[in-house]
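Novice: Here is what each chain is made of, one letter per residue.
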Amino acid sequence: MEEKRYDKLGMRLWRGELENGLRVYVDVRPGYGKQFAFFATRYGGLDTRFQTQAGWQDTPAGVAHFLEHKLFDTKDGNALQIMAANGADPNAFTSFDITGYFFQCTQGFEENLRTLLGFVTEPYFTPESVAKEQGIIGQEIAMGDDEADTEVFYDLLGCLYAHHPIRTHIAGTQASIAQITPQTLYTCHGAFYNPANMVLTVVGDVDPERVMAIAREVVTAPGTGDPARDYGPAEPVQAVTHSSRRTMAVSAPLFQLGFKLPAPGKGPDRLRARLIGNLAGELLAGDSSPLYAQLYEAGLITRNFAYGYEDYPGCAFFALGGESRDPQAVEAKVLAECARLAAEGFDAARFQRIKKAAYGGMVGQLNSFEDTAVELAQADLNGIEYLTFPEVFRSITADEVREFIRAWFTEAQSALAVIGPGGGEG
Amino acid sequence: MNVTRETLAPGVALTAIQTDKFKSASLTVTFLTPLRRETASANALVPYVLRRGCRRWPTMGEVSVRLEELYGGAMEPLVGKIGETQSLGLVGSFLDDAYTLEGEAVLEQASELMAALLLEPVTEDGVFRREYVDGERENLVQNIRSQMNDKRSYALLRLTQEMCRGEAYGVDRLGDQDSAAALTPQSAWEAYEALLASAQVELYYCGSADPQRVRGALGTLVEGLRAKRRGAPEKLTCQVAPHAAQGGPREVVERMEVTQGKLTMGFRTGGASVWAETYPALLVFNALYGGTATSKLFLNVREKLSLCYYASSAVEAAKGILMVSSGVEFDKMAQAQEEILAQLEAVKAGGFTDADLTSARQAVVSRYRGTLDSRAQLEYYWLSAAVTGRDETPEALIARLEQVTAQDVVAVARGLELDTIYRLMGKEG
Chain D
1 MEEKRYDKLG
11 MRLWRGELEN
21 GLRVYVDVRP
31 GYGKQFAFFA
41 TRYGGLDTRF
51 QTQAGWQDTP
61 AGVAHFLEHK
71 LFDTKDGNAL
81 QIMAANGADP
91 NAFTSFDITG
101 YFFQCTQGFE
111 ENLRTLLGFV
121 TEPYFTPESV
131 AKEQGIIGQE
141 IAMGDDEADT
151 EVFYDLLGCL
161 YAHHPIRTHI
171 AGTQASIAQI
181 TPQTLYTCHG
191 AFYNPANMVL
201 TVVGDVDPER
211 VMAIAREVVT
221 APGTGDPARD
231 YGPAEPVQAV
241 THSSRRTMAV
251 SAPLFQLGFK
261 LPAPGKGPDR
271 LRARLIGNLA
281 GELLAGDSSP
291 LYAQLYEAGL
301 ITRNFAYGYE
311 DYPGCAFFAL
321 GGESRDPQAV
331 EAKVLAECAR
341 LAAEGFDAAR
351 FQRIKKAAYG
361 GMVGQLNSFE
371 DTAVELAQAD
381 LNGIEYLTFP
391 EVFRSITADE
401 VREFIRAWFT
411 EAQSALAVIG
421 PGGGEG
Chain W
427 MNVTRETLAP
437 GVALTAIQTD
447 KFKSASLTVT
457 FLTPLRRETA
467 SANALVPYVL
477 RRGCRRWPTM
487 GEVSVRLEEL
497 YGGAMEPLVG
507 KIGETQSLGL
517 VGSFLDDAYT
527 LEGEAVLEQA
537 SELMAALLLE
547 PVTEDGVFRR
557 EYVDGERENL
567 VQNIRSQMND
577 KRSYALLRLT
587 QEMCRGEAYG
597 VDRLGDQDSA
607 AALTPQSAWE
617 AYEALLASAQ
627 VELYYCGSAD
637 PQRVRGALGT
647 LVEGLRAKRR
657 GAPEKLTCQV
667 APHAAQGGPR
677 EVVERMEVTQ
687 GKLTMGFRTG
697 GASVWAETYP
707 ALLVFNALYG
717 GTATSKLFLN
727 VREKLSLCYY
737 ASSAVEAAKG
747 ILMVSSGVEF
757 DKMAQAQEEI
767 LAQLEAVKAG
777 GFTDADLTSA
787 RQAVVSRYRG
797 TLDSRAQLEY
807 YWLSAAVTGR
817 DETPEALIAR
827 LEQVTAQDVV
837 AVARGLELDT
847 IYRLMGKEG
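Protein sequences appear in the order of chains D and W.
If you use the working numbering, the first sequence corresponds to residues 1 to 426, in order.
If you use the working numbering, the second sequence corresponds to residues 427 to 855, in order.
Treat the hints as calculated values from the structure; they're not laboratory data.
Fair warning: this is a prediction, and the values are worked out from it, not measured in the lab.
For each residue, glycine too, the CB sits at the ideal point set by N, CA and C.
Just so you know, not all the hints are guaranteed correct.
Simulated pairs of lysine-lysine, DSS-like, Cα-Cα distance not exceeding 27 angstroms [as the list claims (entries may be wrong)]:
#: 1; chain 1: D; residue 1: 266; chain 2: D; residue 2: 8
#: 2; chain 1: D; residue 1: 356; chain 2: D; residue 2: 8
#: 3; chain 1: W; residue 1: 730; chain 2: W; residue 2: 774
#: 4; chain 1: D; residue 1: 4; chain 2: D; residue 2: 266
#: 5; chain 1: D; residue 1: 356; chain 2: D; residue 2: 4
#: 6; chain 1: W; residue 1: 447; chain 2: D; residue 2: 132
#: 7; chain 1: D; residue 1: 8; chain 2: W; residue 2: 447
#: 8; chain 1: D; residue 1: 75; chain 2: W; residue 2: 730
#: 9; chain 1: W; residue 1: 730; chain 2: W; residue 2: 758
#: 10; chain 1: W; residue 1: 758; chain 2: D; residue 2: 132
#: 11; chain 1: D; residue 1: 132; chain 2: D; residue 2: 75
#: 12; chain 1: W; residue 1: 774; chain 2: W; residue 2: 758
#: 13; chain 1: D; residue 1: 356; chain 2: D; residue 2: 266
#: 14; chain 1: W; residue 1: 853; chain 2: W; residue 2: 758
#: 15; chain 1: D; residue 1: 4; chain 2: W; residue 2: 758
#: 16; chain 1: D; residue 1: 356; chain 2: W; residue 2: 447
Pulled from the structure, derived: some chain D residues nowhere near chain W, Cβ distances all over 10 angstroms [claimed, not checked]:
#: 17; residue: 54
#: 18; residue: 96
#: 19; residue: 154
#: 20; residue: 162
#: 21; residue: 265
Let the hints inform the model, and build the full structure from the sequences given.
Specialist: Take a look at the structure:
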């Protein structure tokens with residue numbers, strides 16, 4: 001393995017790659033008692049249509065997430081129980097573009113790592129276990145249907161995109177998961193859980209060479225590469241529709257206001273675009289922005305107001321939202337501020353301050369073992385060297401960010417989704 | 427990691443943790459006061475009004491600019507509840523000096539900002555500025571109303587209110603909507619003055635600075651607090667009711683436009699609490715019964731019967747209650763409830779293996795070991811210790827957890843008494 005030092009961040013990162021293509025990263029943190037391991041594949045809710053040797057495969061929405069639940073089943077029982085009995089706290093998640101399995105422990109690290117690498121790469125499904133999971137995930141989906149903050153976010157994505165699978169819930173629907181069979185799961189596992197499409201990240205006071213040796217011992221499948229995926233026809237540049245509105249059992253209107261952005265590039269370009277998007281968001285709606293002060297002081301937003309830039313294969317967007325007594329008024333003020341920023345720009349001191357704050361935030365995030373492991377893995381799967389972000393930050397200019405705001409934070413790119421009260425409150 | 431705890435002024439204590447582990451430092455001031463229906467909302471408003479601005483940085487925009495200069499530091503209002511104590515304060519988080527771009531010292535500047543927000547609020551006619559109180563009052567009312575939006579936590583909140591309706595614990599950390607709506611600059615100011623005069627004050631630091639430097643940095647804040655103190659701080663207590671009310675369990679049903687039902691059940695623990703000898707056994711019991719993904723509830727109610735996505739238990743050891751929570755279809759609620767109770771009976775009868783026990787014990791031990799590596803968890807651990815008047819370190823608690831036996835767990839299980847069942851149902855459920 002190779003060691004790389006990131007002195008400004010006080011970090012030492014080891015990287016290695018197995019012959020079958022699995023990448024292994026170890027962030028060595030001397031003096032810590034806990035260890036965290038994260039094993040991920042580039043396969044998420046978006047990847048419903050993809051190519052295998054047998055041709056193009058169309059799979060129901062929600063398979064990646066269903067597979068995440070079912071992989072814990074092994075021939076001898078359940079990996080969750082095995083790891084818990086060995087002192088680990090295991091879990092997993094499925095996002096739009098990746099599925100990740102992880103554990104944290106303070107003892108038995110090597111054995112837990114073996115179990116993790118083993119159950120993720122050795123599928124075992126039966127018709128009974130699939131049927132049982134349809135009941136559990138069916139209730140997870142039902143729970144999600146009652147969560148207005150998630151629903152309004154999907155409503156926004158439905159406004160911004162015409163075809164892209166980001167419109168579809170990661171967990172699928174009751175109807176889509178009902179179509180899943182053991183064979184569906186084996187097909188998807190075979191396509192995406194090959195080592196060349198996967199990454200392992202470990203954070204803690206561990207020996208990197210031991211991690212590498214265990215990975216080599218357990219992950220022996222051949223690497224077949226990164227399957228081709230189809231995200232549908234080209235998306236229109238602008239938002240497809242500009243508003244959506246419905247009701248649920250909520251106390252006040254919840255809203256998400258979003259801007260459709262150009263799909264991300266690859267590697268360093270993608271990291272750069274993300275940091276520019278974040279800085280633009282801070283300038284527009286950050287805590288110190290005139291817009292935030294204006295909205296807050298007018299009682300149009302509360303402290304649960306949040307915003308962020310997100311990018312996935314084939315799409316990127318900036319969304320801001322929360323609770324408001326009058327989401328249309330928020331929209332009007334946001335669009336006016338976008339126009340003002342595009343026309344007048346912002347002063348250099350403010351730009352420097354915001355850069356400093358965003359930088360501090362990213363460094364602070366590295367405190368978290370989980371966040372660090374997930375960021376490193378996600379970055380690797382997207383061809384990004386994450387820990388170069390201090391240098392990228394330094395190189396971004398005010399003009400670049402202003403140009404981004406002028407081009408993309410516009411009415412044509414935007415949509416407003418609202419879920420208001422009315423669904424039988426109280 | 428070096429933990430020091432000392433009294434800096436009457437009723438003002440500092441817990442300082444010196445460590446190089448983290449890239450950010452924490453600096454927090456917390457006022458601890460008995461949770462009461464009459465004062466909860468007014469107290470809850472105070473941190474939010476203080477956060478609006480102070481004489482030197484009078485608007486939120488100016489405070490934000492100051493925080494950005496401190497590398498995107500945060501100074502967030504805190505309103506919490508631990509047992510029957512309400513906690514109110516400002517939680518600061520800053521880049522540790524070791525990582526600043528120019529090597530600047532951030533701690534002293536953060537401490538200065540905290541003192542300014544806490545002790546020099548913007549005033550009009552001798553009380554808080556009306557505009558700030560009006561705005562934050564509306565937010566507080568809306569916050570209380572929006573608790574219904576997350577149905578899972580709402581069901582637990584309602585269970586707590588119903589089960590402890592005659593006890594201080596039944597009061598929410600934010601108080602109630604009517605009291606909140608009636609707040610004025612005058613009443614908020616009185617709450618603020620009362621907190622300064624007689625709440626127990628906890629200062630907390632975690633970062634690379636040594637305790638002497640931390641004391642120095644907090645000098646202005648501590649002297650300012652000392653000048654406001656009036657007598658000894660009000661004592662923090664908690665009434666642990668060991669048994670369920672007679673003739674129970676009480677059942678409450680609420681209806682809303684939802685697709686999934688929520689079943690919540692509240693138990694008294696027979697006196698097992700953070701103060702009892704049985705505290706470690708209570709934690710292990712909870713892990714075994716419903717606290718983990720290997721627990722009885724997870725394995726049986728979810729995995730075996732596939733009745734739900736979640737069925738879990740949580741213990742409030744600073745009150746002596748345990749709550750079970752599950753999201754299930756309306757017509758399967760009775761079946762889920764039956765299974766939840768059957769699993770409790772099984773534990774009472776010793777129906778678990780040594781491996782189950784080891785796994786549960788390790789889950790709890792591992793969590794406390796992990797506490798030592800997490801800034802946020804460490805902070806909560808020491809704040810809870812201050813509230814409950816204990817100085818046991820996580821290491822000492824771990825040593826006690828290692829000693830918990832199957833008999834101890836069975837004894838805790840046998841002490842459990844079902845007090846109240848709260849169900850959230852659909853309109854036509």
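Novice: Next, verify each hint and record whether it holds.
Specialist: Hints and how they fare:
For the given pair, residue 266 (chain D) sits about 25 angstroms from residue 8 (chain D) by alpha-carbon distance, which is consistent with the 27 angstroms threshold. A distance of roughly 14 angstroms separates the Cα atoms of residue 356 (chain D) and residue 8 (chain D); the hinted pair therefore holds under the 27 angstroms criterion. Distance restraint check for residue 730 (chain W) and residue 774 (chain W): the Cα-Cα separation of roughly 20 angstroms lies within the 27 angstroms cut-off, and the hinted pair is therefore satisfied. A C-alpha spacing of about 22 angstroms is found between residue 4 (chain D) and residue 266 (chain D), which places the hinted pair at or below 27 angstroms, so the restraint holds.
Proximity of residue 356 (chain D) to residue 4 (chain D) is assessed by CA-CA distance (about 24 angstroms); at most 27 angstroms being required, the pair is judged to hold. Taking the CA atoms of residue 447 (chain W) and residue 132 (chain D), the gap is near 44 angstroms; set against the 27 angstroms cutoff, the hint is violated. Proposed proximity of residue 8 (chain D) and residue 447 (chain W) is supported: the alpha carbons are some 15 angstroms apart, at most 27 angstroms. Restraint check for residue 75 (chain D) and residue 730 (chain W): the C-alpha separation of about 16 angstroms stays at or below 27 angstroms, so the hint holds.
Proposed proximity of residue 730 (chain W) and residue 758 (chain W) is supported: the alpha carbons are some 14 angstroms apart, at most 27 angstroms. For a cut-off of 27 angstroms, the pair hint linking residue 758 (chain W) to residue 132 (chain D) stands: about 15 angstroms separates their Cα positions. Annotation: proposed proximity of residue 132 (chain D) to residue 75 (chain D) holds, straight-line Cα distance about 16 angstroms (limit 27 angstroms). For the hint linking residue 774 (chain W) to residue 758 (chain W), the alpha-carbon distance of about 25 angstroms falls within 27 angstroms, and the restraint holds.
About 26 angstroms separates the Cα atoms of residue 356 (chain D) and residue 266 (chain D), which keeps this hinted pair within 27 angstroms; it holds. Distance hint between residue 853 (chain W) and residue 758 (chain W) is fulfilled; the C-alpha atoms sit about 16 angstroms from each other, no more than 27 angstroms. For the proposed pair residue 4 (chain D) and residue 758 (chain W), the alpha carbon gap of about 55 angstroms is over 27 angstroms, so the pair is violated. A hinted pair counts as satisfied when its Cα atoms are at most 27 angstroms apart, and residue 356 (chain D) with residue 447 (chain W) qualifies at roughly 22 angstroms.
At the 10 angstroms boundary, the C-beta of residue 54 (chain D) stays outside the reach of chain W, the nearest C-beta of that chain being 32 angstroms off. Consistency note on residue 96 (chain D): stated as away from chain W, and its beta-carbon is indeed over 10 angstroms from all of that chain's, at 20 angstroms minimum. For residue 154 (chain D), the shortest C-beta to C-beta distance to chain W comes to about 15 angstroms, beyond the 10 angstroms cut-off, and the non-interface label holds. For residue 162 (chain D), the condition that its CB be more than 10 angstroms from all CB atoms of chain W holds, with the nearest at approximately 28 angstroms.
Against the 10 angstroms criterion, residue 265 (chain D) stays outside the reach of chain W, whose nearest CB is about 27 angstroms from its own CB.
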